[in-house]
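Chains A and B, in that order, give the protein sequences.
Quick note on numbering: our numbering labels position 13 of the first sequence as 56, and the sequence is numbered without any gaps.
Quick note on numbering: our numbering labels position 210 of the second sequence as 253, and the sequence is numbered without any gaps.
If you are wondering where the hints come from, they were derived from the structure by calculation, not from laboratory data.
Heads up, the beta-carbon is just placed ideally off N, CA and C, and yes, glycines get one too.
Do not rely on the hints blindly, as some may be mistaken.
So, partial list: chain A residues that the calculated Cβ filter (under 7 Å) puts toward chain B [unchecked claim]:
{"hint": "1", "residue": "A64"}
{"hint": "2", "residue": "Q153"}
{"hint": "3", "residue": "A159"}
{"hint": "4", "residue": "G160"}
{"hint": "5", "residue": "D174"}
{"hint": "6", "residue": "G178"}
{"hint": "7", "residue": "T181"}
{"hint": "8", "residue": "T197"}
{"hint": "9", "residue": "Y201"}
{"hint": "10", "residue": "G202"}
2 protein chains.
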Amino acid sequence: MNLMKNKVADYIITGQWAKKAYQEAQMYGKANAIASSADKTFSYIPDCSDLPISEDADYVYICENNTIYGTKFKELPNTKGKTLVADVSSCFLSEPVDVTKYGVIYGGVQKNIGPAGVVIVIIREDLITEDVLEGTPTMLRYKIHADAKSLYNTPPAYGIYICGKVFKWIKEMGGLEAMKAHNEKKAKILYDFLDESKLFKGTVEKKDRSLMNVPFVTGNEELDAKFVKEAKEAGFENLKGHRSVGGMRASIYNAMPIEGVEKLVEFMKKFEAENM
Amino acid sequence: MNLMKNKVADYIITGQWAKKAYQEAQMYGKANAIASSADKTFSYIPDCSDLPISEDADYVYICENNTIYGTKFKELPNTKGKTLVADVSSCFLSEPVDVTKYGVIYGGVQKNIGPAGVVIVIIREDLITEDVLEGTPTMLRYKIHADAKSLYNTPPAYGIYICGKVFKWIKEMGGLEAMKAHNEKKAKILYDFLDESKLFKGTVEKKDRSLMNVPFVTGNEELDAKFVKEAKEAGFENLKGHRSVGGMRASIYNAMPIEGVEKLVEFMKKFEAENM
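I would like the entire structure built from these sequences, with the hints used as guidance.
In C-alpha cells form, the structure reads like this:
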C-alpha cells in the first residue's frame, strides 16, 4: 500500500508467506508471480538470474528465508533495477546483510531478535512518502512512523527492551560475522549428518539450504512420528515439521547453542541404529 | 473498515482520540461529528440523551474515558438503536461493564491490563462478517482473528501472559465490583481535596470526572511548573499535564494503591501551605 505507485508488483513464490503476501497484493493492484517453486513443495529457490521482471513493477518481493520449507536465497534475485522488498523474519541478524541491495527489509522479531509483538523495518529513505494508496490506514503508513521516530503508537516497551539486550549480546559475541560463523558451524553438523545418514535425509536442494531451519524425513511417516515422539520424550521440542510438509524440522536460530545441535545429532544416530 | 456497511458513522468528539478516530473514518465514508466538547477544551461530556443520530449510521463512536482531559462517560449515549463502538483503553477493567450495551469494545491494554503491544476487542458476534470495505487489509479484519481464535498472527505471548496474571489479580481482589470501590475511594481522596483546596482546582465538570485520570491546575503556569518539579523531586512521576492542556494530571489506574493517592494529597497540602 505504501509502495504500489504503479499498482504493479512482482512476487517470487517460495513458500507460504510469499504466497500470502502475493495474495494480499492482489487486493491493491496487479501482482505477478514471476517465479515459483511450488512444483516441488517449495524445496528449492528458483533461478532468479533472469526473471521476467515487469517493466512498470513498483517492486520485486521475496521471502528471504522460508521457515517451513528450510530454503534461503543465497543470492538475491536480479531485479533489473527494480526495488527489492524482502521479508527477513526468519533470517534477520543470522549473518551480515548488505542493506544497500534492498528497498525494504522487514520482519517480525520473534525468531532471532526478541519476543513476538515487535516488527523491524529498514526502508530506503526515498521510499518513505505521503504518496500511498488511497485508503491506506494511518497506522500502516511508513511516513507516519518514520516522522514520529517509531513513537506514533504506544511502543511495546518490554519487547523493544529485550531486542536491545539481544543487540548487545550479538555485539558481544562478535557481531554478525561471528553470528554467521556460529550458525554455519551449527548447520554443518546437522547437514553433514543428514548427508551421510542411511535413515534420515534433508528435503531441500543443497545449494538452497537454510542456516536457520533444517527439514528432514525418514521417508516413512510412521517412523517420522515415532522419531518426533521419542525426541520429545528425550527433551527435544518442536521437531515436528509443519503440517503442510510433514516430517521433521529443526529450527536452529541464533539462540540455539552448538551443544543443542550436537545432542540432536547424537540422538538421531542412536535412533537410526535402533530402527534400521 | 469492518463496520461501515452504509459508509456512514457518527462520532462524539470528547478528546484527541475521538478526533483521530473521526478523522480516520473520513477516509472510508461519511463521518459525522454529532456532538463535541471542543468548545471548553474537552472539559466535559456533552449531553448525549437526544443526539442527531444519522438514520443510516453504521455505528456511533465514543472514547469512553479521555486520558488527557480526565473525563468519562458516566452514562452511555442514547444511540437510538444504532451500534455503539467504544474505545475503552483508559478505563477498561476499572469497574463493571455491561457488554450487552455495546457493539464493539476495544482498547490497548497498557493502562489497566498489561504491557503495551496487546489489544483487546469485545465484539458482538453478528458484527463479525466477511462483508468489510474493499481494500481492508487481512490483518485488520475481525473475522480473520475471530476464526483463528486470535492466533492468526504470532501472538505477543509475553504480553498476553502478563494480562493473564492481571486478570487473576483482579479476581483475587474481588473482581470488577471491588476494583470500582477501590478506584472510587482513591479518586474521592483526590477530588475531595481539589474541591476544598484554595490553591489547586480540578479542570473537569464534576459530573463527568474520570476515576482514572485527574487533571488539575493552580491557575498560574509558573506555579504549575514549580509543583511538577518539586513533586518529581519528592518521587511523584508523570504529574505533568499533556502538552495540549498544561497543568497537572494524576493517573490513578487500577495498579495505583490508595497510599499513592494519600501521599500525593499530603504533598499537595504541604505545597499549598508553602505557596499561598
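Okay, the hints, checked on the actual structure:
This hint is violated: A64 of chain A has a C-beta 10 Å from the nearest C-beta of chain B, more than the 7 Å allowed. The interface hint given for Q153 of chain A is met, as the beta carbon of that residue sits about 5 Å from the closest beta carbon of chain B, less than 7 Å. A hinted interface residue such as A159 of chain A counts as satisfied when its beta carbon comes closer than 7 Å to some beta carbon of chain B; here the least separation is about 4 Å, so the hint holds. For G160 of chain A, the interface hint holds, the least distance from its beta-carbon to any beta-carbon of chain B being 3 Å, beneath 7 Å.
Below 7 Å, beta-carbon pairs count as interface contacts, and D174 of chain A has none with chain B, the closest being about 15 Å; its hint is therefore violated. For G178 of chain A, the shortest C-beta to C-beta distance to chain B is roughly 5 Å, which falls under 7 Å, so the interface hint holds. For T181 of chain A, the shortest C-beta to C-beta distance to chain B is roughly 6 Å, which falls under 7 Å, so the interface hint holds. Hint on T197 of chain A holds. Least Cβ distance to chain B is approximately 4 Å, under the 7 Å limit.
For Y201 of chain A, the interface hint holds, the least distance from its beta-carbon to any beta-carbon of chain B being 5 Å, beneath 7 Å. Annotation: G202 of chain A was flagged as interfacial toward chain B, and the flag holds, the nearest CB pair being 6 Å apart, inside 7 Å.
Checked against the numbered hints listed earlier, the structure breaks hints 1 and 5; every other hint is satisfied.
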